[in-house]
Amino acid sequence: MLDDILEGKQALFGNDAVTVLRGHENRTRRVSLLNGDLVTNTRAENRGVNAYVYRNGVYGFASAAEYTSAAAEKVLRAASDNAAFLSARASRETKTFCPVPRKSIPLNGRISDTAQARLIETCKTVDAYIRERHPFLTSRSVTYSEDSQDRMLYTSDACSGHAVTPRCYIYVSLSAETGDGTPAELFKAFGGFGSFDENFGDPSVLFPEIDRLADCLKQKQAGVYPKAGMHTVILSGELAGMLAHEAVGHTVEADLVLGGSVAGPNLNKRVASEMISLTDFAHTAFGKPVPLPVYIDDEGVAAEDADLIRDGILVGYMHSRESAARFGAAPRGNARAWAYKDEPLIRMRNTCILPGKDSLKDMIAGIDQGYYLISTNNGQADLTGEFMFGVTMGYEISHGQLGRALLDTTVSGIAFEMLKTVDAVSDRITWESSGFCGKKQIIPVGLGGPDIRCRIMVGGR
Amino acid sequence: MQKLLNTADTVRRRLTRAGIDQFACTAAESELNELNTENGEFSLLRTVFDQDLSVTVIMNGKKGSVHGSDLSAEGVAKLCDDAVSSPQNAPEDAANAIAPGEGRRRFVSGCPDADNPALYDRLRELKEAAAARYPLVHIMTVNASHSKERRVYLNSNGSVFESENGWYDISLEFTGKNGDRVTGFFYSGCKLDSLDRPLIECGDIAMNLKAAQESLNTVSLPETFTGRVIMTPGCAGQFIYMMISSYLDKSVILDGTSPWLDRIGEKVASESLSLSLEPLNEKTVCGERYTYDGFITENVPLIENGVLKNQMIDLYTAGKTGRKAIKCTDWSLYVRPGKTPYDEIVRSVDKGLLVGGFSGGEPGTSGDFSGVAKNAFYIENGKIAGAVNEVMINGRLADIFGSVTGVSSETLCDGTGEIPWIAFDGIVISGK
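So the protein sequences, as listed, match chains A and B. For the first sequence, my numbering assigns the number 904 to the last residue and increments by one with no breaks. For the second sequence, my numbering assigns the number 437 to the last residue and increments by one with no breaks.
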């Protein structure tokens with residue numbers, strides 16, 4: 444964990460600038476078995492310090508791959524010089540940041556290390572179980588992946604703090620062949636926030652879910668392609684979370700709003716069915732910790748929830764301190780950076796569509812012809828609100844009953860049009876947090892939602 | 006450079022003392038200077054001083070790797086200790102190996118030093134040129150950087166490689182914008198070894214700025230049909246990378262799921278298609294000079310006249326499968342141009358699309374793709390009729406690469422490769 448070598452450096456902050464000094468370590472561990480062969484076995488620790496200086500409307504940033512007192516002073520000087528270089532050449536309106544509470548955010552936990560040998564042994568145990576129990580597979584992979592962050596920061600006019608985000612996952616990927624010899628694949632991520640021992644102390648707890656995954660793959664082997672076109676579908680909570688993140692979340696990041704996103708002209712207007720409310724949670728939702736809790740962002744803003752859609756009305760954006768000043772809003776702690784070499788960008792944290800009152804059983808029964816789409820492996824979105832995401836598992840719905848499994852497909856649409864077609868929202872939430880969001884830098888994010896019934900464009904044959 | 010050589014040598018001595026007789030290490034230091042604009046205004050100058058040490062060890066056939074940024078004496082010592090313990094509990098695997106010794110080599114390429122004032126001036130020029138020529142284009146972000154990098158690679162078989170590289174990266178994100186009407190994202194970029202010409206003349210920047218402006222008025226396609234799709238160089242490159250990942254990547258060769266597993270020497274694509282990885286091409290800016298395995302890099306043909314020549318086999322995969330390793334881990338893609346002008350290829354299309362980008366997931370080994378056609382234009386009776394929205398394209402990679410109907414004589418080069426326009430038949434095009 445990072446020691447505090449930065450506190451005394453506040454005396455070096457310039458009087459005419461907003462300054463953040465951040466120590467940051469990323470720790471990664473990765474073990475990957477492919478059909479029992481160990482193809483990846485790595486450990487990495489990258490630690491450094493950076494300074495972020497706002498002066499005369501522009502930013503200077505500098506980082507060094509060393510966490511030392513001398514490196515902290517070096518980056519403070521370099522960041523200040525960079526701000527001076529830019530402000531001497533380019534004029535940009537200086538924004539007065541709205542005052543934020545100045546307090547010290549306490550450390551929220553610890554990062555504990557696990558010997559690589561134990562990570563390998565656990566992956567081998569899981570791999571052996573899959574090999575013995577599911578001989579129908581043509582290929583299997585088991586990957587342990589940990590990417591923990593340790594951040595310490597001091598600011599000239601906001602909070603200081605020390606925060607950790609340990610997280611680890613085991614990804615299981617299974618392949619088999621369909622009747623015509625085409626590969627069919629499914630994967631599942633296990634794990635989440637916390638240490639290896641907290642998530643995988645007993646790997647056998649994964650086995651029932653692995654068996655269910657294999658059963659789904661058997662159904663997918665006999666799967667069919669959906670019919671291409673517009674359909675009534677139920678998106679599972681996992682897909683609703685992806686929708687919340689991709690189709691809505693990105694369009695309401697204030698830098699993209701300033702770039703012309705569809706959310707710009709739609710503030711305080713109806714963008715969805717009144718059944719839809721959407722929040723970017725900081726650290727707690729529905730009385731429990733969210734998948735990836737954030738207590739302080741990388742500008743020193745204490746993290747609070749950001750309401751984005753309430754009863755179908757677009758009510759807010761996500762901000763940095765500068766964009767908040769531009770919009771006359773309060774920042775909520777959305778400025779985040781991935782590594783010591785990265786400047787903070789406006790990012791989501793734990794974006795979730797709120798649950799409704801319907802039961803999934805009734806929602807399926809209410810569809811004559813359509814689809815129930817369950818798992819996804821990726822998604823992308825555009826400024827216009829046009830989104831797509833890949834669907835790796837789903838079923839036909841016919842006369843209110845589930846039918847054949849589906850082969851891989853894609854769904855797409857325009858978010859603020861599609862969301863207006865929602866006519867049922869289930870009463871349960873599914874969270875997902877194993878991936879990364881990409882936007883100049885990667886960042887871990889949580890996303891969640893209930894099952895929602897809507898009209899959406901399905902790709903098929 | 007001497008500091009890096011000393012660090013690498015320290016690693017060599019520590020590992021040898023610990024009884025490790027197979028190892029490789031890379032010590033690197035770099036400096037990045039990056040100018041950013043946001044919505045047309047200069048917003049950030051960022052400097053990154055970076056360093057990295059990575060060590061791979063093989064002990065009794067067991068392999069482990071560690072990486073870290075602490076190059077102090079204590080940091081190097083800890084990294085070496087972690088490296089020695091990393092293969093514990095790993096299975097023995099005879100395929101784990103270090104590349105044979107290639108002696109001592111030195112590589113220098115690109116432009117070693119950042120010129121921030123010149124970069125600022127070229128960026129300001131780009132802003133002004135884009136605004137003058139394409140007034141309905143809004144440039145959301147530009148990231149323009151210079152990277153300077155020094156590396157030392159050393160392995161237990163006697164290879165010592167020193168490399169010094171310097172290059173500029175330019176990337177833009179923009180949209181067409183007219184009042185409240187906006188297009189989707191457009192992306193452009195290039196890699197340069199000098200700032201000797203205006204940035205708007207580099208790579209696909211001008212082409213995409215024009216396309217963004219012309220995409221403001223879109224229509225939906227009210228039908229689904231199987232048609233011909235002409236892909237721009239950027240989009241064709243995306244599909245070729247998907248094809249390489251799905252059919253030729255080492256992971257799908259290793260697990261035996263590639264549909265092209267045993268098809269070296271066989272026809273897998275149309276005869277008009279030839280593509281290769283060419284990091285040594287003079288047009289490639291700061292291309293790879295040695296692989297991560299430790300081989301000296303060579304250009305590698307992948308497909309020649311439709312015939313499969315190579316797969317992406319690295320040293321481990323070669324040891325595991327008995328196949329020959331290629332000496333290239335750099336995806337600098339060169340596609341041989343055709344003899345047909347682009348305009349003639351457009352005239353050949355009765356009903357289809359011109360597509361500038363694809364938004365969809367990785368197809369997997371089935372090669373089935375399904376996603377949104379981005380920056381797309383409808384073609385009817387040989388003419389580009391207008392921009393479209395919400396159009397999906399679906400198909401199977403093996404099928405479309407076997408149905409290439411046109412490869413343009415014109416190409417685009419962006420410093421990482423050179424690709425023509427390519428027309429494919431057999432793609433399902435679904436409108437709303």
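Calculated from the structure, these hints are not laboratory results. Be aware that one or more of the hints could be misleading.
Just a sample of chain A residues kept apart from chain B, beta carbon distances all over 12 angstroms, derived [to be verified]:
#1 Ser475
#2 Asn478
#3 Phe528
#4 Thr565
#5 Cys566
#6 Pro732
#7 Gly902
Which residues of chain B face chain A? A few of them, derived with a C-beta cut under 7 angstroms, are [claimed, not checked]:
#8 Glu46
#9 Leu50
#10 Thr52
#11 Asn94
#12 Asp126
#13 Gly184
#14 Tyr192
#15 Phe230
#16 Thr231
#17 Glu309
#18 Asn310
#19 Thr370
#20 Ser375
#21 Val377
#22 Ser435
All of these numbers come straight from a predicted model, not from anything done at the bench. Ideal Cβ positions, reconstructed from N, Cα and C, are used throughout, including at glycine.
For each hint, the structure was consulted:
Taking the minimum C-beta to C-beta distance to chain B, about 10 angstroms, the non-interface status of serine 475/A is violated against the 12 angstroms cut. Against the 12 angstroms criterion, asparagine 478/A falls within the reach of chain B, whose nearest CB is about 5 angstroms from its own CB. Distance check on phenylalanine 528/A: its Cβ comes as close as 6 angstroms (rounded) to a Cβ of chain B, failing to clear the 12 angstroms threshold; non-interface status is violated. Chain B draws threonine 565/A into its interface by the beta-carbon criterion, the shortest separation being 10 angstroms against a cut-off of 12 angstroms.
Cysteine 566/A, annotated as away from the interface, has a beta carbon of chain B within 12 angstroms; the closest lies near 10 angstroms. The beta carbon of proline 732/A is kept farther than 12 angstroms from every beta carbon of chain B, the shortest such distance being approximately 30 angstroms. The claim that glycine 902/A lies off the interface is violated: its Cβ sits roughly 4 angstroms from the closest Cβ of chain B, which falls inside the 12 angstroms cut-off. Contact between glutamate 46/B and chain A, as hinted, is supported at the beta carbon level, the nearest pair being about 5 angstroms apart and thus within 7 angstroms.
Taken as an interface hint, leucine 50/B checks out: its beta carbon lies about 4 angstroms from the nearest beta carbon of chain A, inside 7 angstroms. The restraint placing threonine 52/B at the interface with chain A holds, with a minimum CB-CB distance near 4 angstroms, inside the 7 angstroms limit. With its C-beta approaching chain A no nearer than about 4 angstroms, asparagine 94/B sits inside the 7 angstroms limit, and its interface hint holds. Proximity of aspartate 126/B to chain A is violated relative to the hint, the smallest CB-CB distance being about 9 angstroms (cut-off 7 angstroms).
Because the closest C-beta pair between glycine 184/B and chain A is about 9 angstroms apart, greater than 7 angstroms, the hint is violated. A distance limit of 7 angstroms between C-beta atoms decides the matter here; for tyrosine 192/B the minimum to chain A is near 11 angstroms, and the interface restraint is violated. With a least beta-carbon distance of about 11 angstroms to chain A, the hint placing phenylalanine 230/B at the interface is violated under the 7 angstroms criterion. With a cut of 7 angstroms, the hint placing threonine 231/B at the interface with chain A is violated, because the nearest CB-to-CB distance is about 10 angstroms.
At a threshold of 7 angstroms, the smallest CB-CB gap from glutamate 309/B to chain A is about 27 angstroms, leaving the interface hint violated. With 7 angstroms as the threshold, the beta carbon of asparagine 310/B stays out of range of chain A, its nearest partner Cβ sitting at about 27 angstroms, so the hint is violated. Because the smallest distance between the Cβ of threonine 370/B and any Cβ of chain A comes to about 4 angstroms, under 7 angstroms, the interface hint for this residue holds. Hint on serine 375/B holds. Least Cβ distance to chain A is approximately 4 angstroms, under the 7 angstroms limit.
At about 5 angstroms, the closest approach between the beta carbon of valine 377/B and any beta carbon in chain A falls short of 7 angstroms, and the interface hint on this residue holds. With 7 angstroms as the threshold, the beta carbon of serine 435/B comes within range of chain A, its nearest partner Cβ sitting at about 4 angstroms, so the hint holds.
When the structure is compared with the earlier hints, violations turn up for hints 1, 2, 3, 4, 5, 7, 12, 13, 14, 15, 16, 17, 18 and for no others.
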